[in-house]
Structure formats: structure tokens, C-alpha cells
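Quick mapping for you: the protein sequence lines, in order, are chains A and B.
Counting along the first sequence from 1, when you hit position 218 you're at 218 in the numbering used here, and nothing is skipped either side.
Counting along the second sequence from 1, when you hit position 82 you're at 1082 in the numbering used here, and nothing is skipped either side.
It should be emphasised that the hints constitute simulated quantities derived from the structure, not laboratory data.
There could be a bad hint or two in this list.
[As the list claims (entries may be wrong)] The following residues of chain B were derived to be distant from chain A, with all beta-carbon distances above 12 Å:
{"hint": "1", "residue": "Ala1022"}
{"hint": "2", "residue": "Pro1065"}
{"hint": "3", "residue": "Gly1204"}
{"hint": "4", "residue": "Lys1235"}
{"hint": "5", "residue": "Met1241"}
{"hint": "6", "residue": "Arg1246"}
{"hint": "7", "residue": "Val1256"}
{"hint": "8", "residue": "Leu1260"}
{"hint": "9", "residue": "Gly1266"}
{"hint": "10", "residue": "Met1284"}
{"hint": "11", "residue": "Gly1286"}
[Claimed, not checked] What follows is a set of in silico ranges between Cβ atoms, one per label pair, in the way DEER data are often shown:
{"hint": "12", "chain 1": "A", "residue 1": "Leu190", "chain 2": "B", "residue 2": "Gly1205", "range": "54 to 62 Å"}
{"hint": "13", "chain 1": "A", "residue 1": "Arg225", "chain 2": "B", "residue 2": "Ser1267", "range": "29 to 37 Å"}
{"hint": "14", "chain 1": "B", "residue 1": "Ser1285", "chain 2": "A", "residue 2": "Ala252", "range": "18 to 26 Å"}
{"hint": "15", "chain 1": "B", "residue 1": "Ser1267", "chain 2": "A", "residue 2": "Pro124", "range": "35 to 43 Å"}
Glycine is no exception: its CB is placed at the ideal position from the N, C-alpha and C atoms.
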Amino acid sequence: MKIGFIGLGDMGQSMARHLMQAGHDLAVWARREASAEALRGEGATWCASPAELAARSEVVISMVTASADVEALVLRDDGLLAGFAAGAVHVDMSTIAPGTARQLAARYAERGVGWLDAPVSGGPAGAREATLAIMVGGDAAILEKVRPVLEVLGRRIVHIGAAGAGQVAKACNQMIMVAAIEASAEAMSLAAANGVDVAKVRAALLGGSAGSRVLEVMGERMVSRDFDKGVDARLHHKDFAILMAEAHALGAPLPVAAVVWQQLNALMARGGARQDTAALLTVLEAMRTA
Amino acid sequence: MNIGFIGLGLMGRPMALNLRKAGFAVNVWARREASLAPLRAAGAVAHGSIAEVAAASDVVFSCVPDAPQVAEVAQAVADGARAGLVYADMSTIAPAAAREIASRLKARGVVMLDAPVSGGEVGAIAGTLTIMVGGEQAAFDTVLPAFEAMGKSITRVGEAGAGQVAKACNQILTGVGVAAVAEALNFARKSAVDPARVREALLGGFAGSRILENHGQRMLERNFKPGFKAWMHQKDMGIVMDEAHRLGLALPAAAVSAQLFNALVGSGMGEDDSVAMLKLFETMSGGAA
């Protein structure tokens, strides 16, 4: 299949490479041409604009940072919308606001272009190992058409509902995950305050009802105080603005998420934007020594 | 001084009437004739557009729901403004939005003050509002006599946006405060102690506050009529939390309070006064018993 890919960051690089290795005809565009160098060396075609990329592709996948980035990518003068032929599909795998996803889906529908919001969970490791969880919003028939492409990237692909529903699922994912990171950090903090070995507490808990993927992965980073690898906390911070705005718009109370959001705000203020979110532990430590 | 007033709602109407009462010439515009009638009756002059109001005024006030409406009014004021006109917006909007609109107006020769208020409809009618002002000192001095017709405590907090920052601080205190008072009174009642007596006793000590006095009394009377509607408080808490996110600033107590306002709106109590927080807490713990 002729596939276009935009967003060659940490995750996007791995995903694009998997698609080529699966035999797809891949083209790329990037804001910084240099970020596409490696993939071009491996045979990817370079396009001069998103429109040009859209014009030669049956499916374009984007993996960028924020709602505004995706919006610009689609709607700018030489954007995807200007280039797509009817029948083509844009699969946006970024984490953005459900409202933005719904708006873009409607704009595309006017031109007969398909849209899926297909955000992922699993981080850079999941992208590298092609084990991402992919939650999809949009037309089921369009998903069936591009399912073989998504199967190259992830293991669990779930159709959630209409356009925007994938982003709603992702918001729920972020809420649960970061709250679990905060809970893990608080447990570590309580253990440490008692002078108990935090590594042993983590190891013990992993076998029981409180055991979780977060306690395993982020808990390990807390124990070893290694906050430099993993996912930038600033990305979770950004996601929380999206989900708390949804809660506000819908009149849905999210008391735990709201407090977690404030701990993320504090982490940003402490210069932790590019640390792993496990560094939420350091916010608790600062609160104790203040 | 010739005054213009845009936004003749729950708050704006009594504020404009107080300006008339103080002897100012007042120019108004409104979409609906019904909004204009009481002002006309008080001797205000109705115009066909906001730009016409601006052309007839030295100072234009506005009191509208949110930033997009302020931007719209600001644009129309600038279209009709004479040189030296001061535009004083008394709505509650994000500080960043206030700064941006002020700088846009400055480029068109109009000086803007952000002058949000506290005190609710009661304060607007009585002319006892607290007015928190951001913007240039000279413009503040010009407008002060008109502010004095609407409010009692009038403070220039700082430059453009500073009034809205003060209002955000006000909403943190009242948002958290109304929740705390509702929790305390609900706690007393559930403990089979007379909440009215608890309120009475507490008013004399360090927990005494305007909110315990006013909002507490209305909770005891189960009077949930606005006042200040819960959905408006929710909107204001949204502004506060957006600012906190932008600044990278933890507001843990305000964050929980904002969620309680979400719950009020989500459970259909948005048109009630914020004191309906009491009903929310009762429902959360199994009803009013």
C-alpha cells in the first residue's frame, strides 16, 4: 500500500520503519528535513509538503504532539486536505482533543476523505517492538480497510466508536496511568518516610492485588531514581489539559485526576518537563522538606 | 463624563442604573429591547450599535459572559472611539486574554482597563461591588469617579491583566471557601449537632468569614436561588485552572473545588447558586437525612 508518514519523533521513527519492513511503499514529510534522513537512506520517498504526501498516498499516518499541530498539518495551504484524493484515509495516531478529532473528521467527510483517530498506548518501547495498544475512533468500514496497516504497528486494535471516540479512550488511559504513577510515588514516599526499603516494598507488591505495569516499570525508575529515560512528563501534562477541559465541558467531576494534574503542574515548575513521569516522586519529596 | 455601557444582564443592568443615579450621562446598546427599557426609563440614551455608543462616550464599560464577547465589544468600541477613550471591561476573563485585547486596543489608540468585580447581584444593586483594576494609572484616575458609583472597594492592582489575576485569586478563595463551609455545615448536621449554632459560634473565631456568614446562612435556609450561579463559578474555576496549567503551578485545593463545580453543573444544578454545593455533598453521602 502507498503510505505517507508524518511525525518522525521517538515513536514515529520506529513505526515508519516497521511499515517499510512490512513491504509498504513509504513516503515521508517532516518540518525538519534532517529528521527524515535515516528513513530516506532505507528507501523512503521524500515529499516537499503534506499536500504532496497526501496526493501520492492511499493512507497517511501522523504522529505529532498537539491538537494545534494536527490541525495545521491538515488545514494549512499546502496541508493534507489540499492534497488528498477522495477515498484516501488520514489515520492520526497523536494524542489530541476529541473535539479536534471530530472537527477534522467532518472537514474530511465533505471531500470524501476518510479519518480515523487512532491514539496509542505503549510508549517508545511499544513502538519499537510493534506491540502498541491502538484505540480507534471513526467509521468501522474505514478501519477494516486500514486494519492490516495498523496490525504492523500494534497488537491490540480496538474500535471504540465514531470519530473522537479513540481520543476519549486515550484520555481515559492517561487518567488511569498517571494516577497510578502518582499512587506508586506516594507508596514509595510512605515507605521511605518509614525508613523501609522501597525496592523490597515494590517487589512484594508486584505479586499482589496492587501489582501493575506502572508499579513495575515506573516503580523501578523510582527505586533506581532513574528519571531520564521513558516518556517526557510534559507530554502527560499536555494530555491532562485535554482531559480536564473535557471534564469541564461535560460537567464531569474528576477529583483524583484534578489533584494528579496539580502534581504534574508542580513537576513542570520544578524543571521536570523532560524527565520521566516517575519523577512525580520528587514533587512529594519536595513537599516533605519544604 | 459621558459613559457607555454594554452588557445589561444580571450584573450590568444595576451597575448602569447606578451610574445614572450618580448623575452620569449613560449611553447604551443591547440586542434585546427588553434589556434597554429599564435604562431608557432611567434617562439613558439607546444607540443603534456599540460603535455609536463609543462615539458618544468618554468611557465605555462592558459586562459580558466571556473572552470572545469581550473581544467582540472591544473591536466595536475601537471602531467608534474618539481619541483618548478608555474602555473598562468588568467581565471575568482569563488574564492572558485581557492582556492580549488591551494590547490590540492600544495599537488603535484606545486605553483598556480590566476591572472585574466581586459581590454578586446584591453588590451590583447596592453599588457596593469590589472592583479589581489592571491597567494604566492615568486611565484608572479618569474612570475612578464612575467606579465609585458602582463599587465600594476599588483597587488598582497593577498593569493590564492584573485585575483579572486578582479576580482569579478571589475565585480560588470563594470556590474553596464555599466548599469548606458546605462540608463543615454538613459535618455538623451528620454529627447531629445544630449547624446554625456551629455557624454562630465559628463566626466569632478564626474560621469566621464573609462566606461562612452569607453563604453559610443561605445553606442553613436551603436558599439556593442565585446570587452567583454555579455554572459561572465553574467557568471562572476553569480560567483559574487553565492559568495554573500554563504557568506550571500546583493549585491542589482549587483543583478539587473545580471538580465539585463540574459535578454541580453535571448534575443539573448549574442554575442554582454556588451554595448548592451543600446539596451535592448530601447526595454524595447518601442524601439529606
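May I ask you to check that Pro1065/B keeps its beta-carbon over 12 Å from the closest beta-carbon of chain A? holds (15 Å)
Pairwise beta carbon distance, Arg225/A to Ser1267/B, judged against the given window 29 to 37 Å: violated (44 Å)
Would you assess whether Ala1022/B, listed as outside the interface, keeps its beta-carbon beyond 12 Å of every beta-carbon in chain A? holds (38 Å)
No chain A beta carbon within 12 Å of Arg1246/B's: Non-interface label fails for Arg1246/B: nearest chain A Cβ at 9 Å, not farther than 12 Å.
Holds or violated: is the Cβ of Met1284/B farther than 12 Å from all Cβ atoms of chain A? violated (10 Å)
Range agreement (Cβ of Ala252/A with Cβ of Ser1285/B, hint 18 to 26 Å): Holds, at about 20 Å.
Please check whether the beta-carbon of Val1256/B is more than 12 Å away from every beta-carbon in chain A. violated (6 Å)
Beta-carbon spacing of Ser1267/B to Pro124/A - inside the hinted bounds 35 to 43 Å or not: The hint (35 to 43 Å, Cβ to Cβ) holds, given that Ser1267/B and Pro124/A are roughly 41 Å apart.
Quick check for students: does the CB of Gly1204/B sit more than 12 Å from each CB in chain A? holds (32 Å)
If we take the beta carbon of Met1241/B, is the closest beta carbon in chain A still more than 12 Å away? violated (7 Å)
Grab the minimum beta-carbon distance between Leu1260/B and chain A and tell me whether it stays above 12 Å. violated (7 Å)
Would you say the C-beta atoms of Leu190/A and Gly1205/B sit inside 54 to 62 Å of each other? Once the Cβ atoms are compared, 34 Å apart, the range 54 to 62 Å for Gly1205/B and Leu190/A is violated.
Going down the numbered hints, you'll see the structure goes against 4, 5, 6, 7, 8, 9, 10, 12, 13, while the others check out.
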